[in-house]
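Throw the hints in and build the complete structure from the sequences for me.
There are 2 protein chains.
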Amino acid sequence: MSDQPRIAHIGVAVENLADALAFYRDVLGLVPLAPEAVDGATIVSLPFGGPDIELLASATPDGPIARFLAKRGPGIHHLCYEVPDLEAALRRCREGGYRLVDETPRTGAHGRRIAFVHPKSTAGILIELTQAR
Amino acid sequence: MSDQPRIAHIGVAVENLADALAFYRDVLGLVPLAPEAVDGATIVSLPFGGPDIELLASATPDGPIARFLAKRGPGIHHLCYEVPDLEAALRRCREGGYRLVDETPRTGAHGRRIAFVHPKSTAGILIELTQAR
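For the record, the sequence lines run as chains C and S. Throughout, the working numbering is defined as the position within the first sequence, counted from one, plus 1007. Throughout, the working numbering is defined as the position within the second sequence, counted from one, plus 1007.
FYI, nobody ran anything at the bench for these hints, they're computed from the structure. Honestly, I wouldn't trust all of these hints.
Copies of the same chain look alike in the list, so a pair counts if it fits in one copy or across any two.
[To be verified] Derived SDA-like pairs (lysine to any residue); straight-line CA-CA distance at most 20 angstroms:
1) 1127 x 1042
2) 1127 x 1047
3) 1127 x 1102
4) 1127 x 1022
5) 1127 x 1025
What you are looking at is a predicted structure, and each value in this text was computed from that prediction instead of being measured.
Printed below as a string of structure tokens:
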């Protein structure tokens, strides 16, 4: 476990997984991982060998990705930063007046402990914090 | 030089650099690099020790960042992928029908050779491609 925070992944909301995958396969030559179902979304990770891109397609008509697509259209949905101590980071968020989506950590993709910080308090970016392993 | 593409940085458009820096300094404990002026923007890099976050503030009332902020508000502006052969990647873009913002590479931040791909053809994301060193 490092003291240095790192960018874990970039979540991208897409209308159509096959269409979005084409650029990463044909231009960048990446091979996607198997799809995973989390929070009403189908997630496909693109392994860049560092932070990954996670393509997020809605698996339900009323889930968070479907609502994001309806409001904003396709594009970047969130950034995930890995931190050495998730509880301590959430405490610093509360002390700094940052608005939390998840007051306590919960289980996200790949079984990781995560919590989201609201974009209103972070320059327009939905931020996911995840515990380093 | 690796054959593997990697995420070089994430460009974030902000209204106010000091406000945006607070989260990265106070919650994540990062120390920003010195500001750099490129393309009518002031760029501050946050070194995550892998891909960086680049905070982008407009230095002119009519530059690309000012226009982005007026239209979309603050948030993620672009993703930069480093590729082993920029010319070959641009050729694959043309062959695949991807719309290029820059038909030929130009000089971007940190003196790197870059070219942008239009978001209309990449699931809503403005993509910067940069030549690996």
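Within, between, both or neither: how does the pair residue 1127, residue 1022 come out at a Cα-Cα threshold of 20 angstroms? between (24 angstroms within a copy, 13 angstroms between copies)
Check residue 1127 against residue 1025 for me: Cα-Cα at most 20 angstroms, and say if that holds within a copy, between copies, both or neither. between (31 angstroms within a copy, 16 angstroms between copies)
Status of residue 1042 relative to residue 1127 across identical chains (alpha carbons, at most 20 angstroms): neither (30 angstroms within a copy, 25 angstroms between copies)
Residue 1127 and residue 1047: within-copy, between-copy, both or neither at 20 angstroms Cα: neither (23 angstroms within a copy, 26 angstroms between copies)
Could you figure out if residue 1127 and residue 1102 sit no more than 20 angstroms apart (CA to CA) within one copy, between two copies, both or neither? within (16 angstroms within a copy, 40 angstroms between copies)
Going through the hint list in order, the structure does not satisfy hints 1 and 2.
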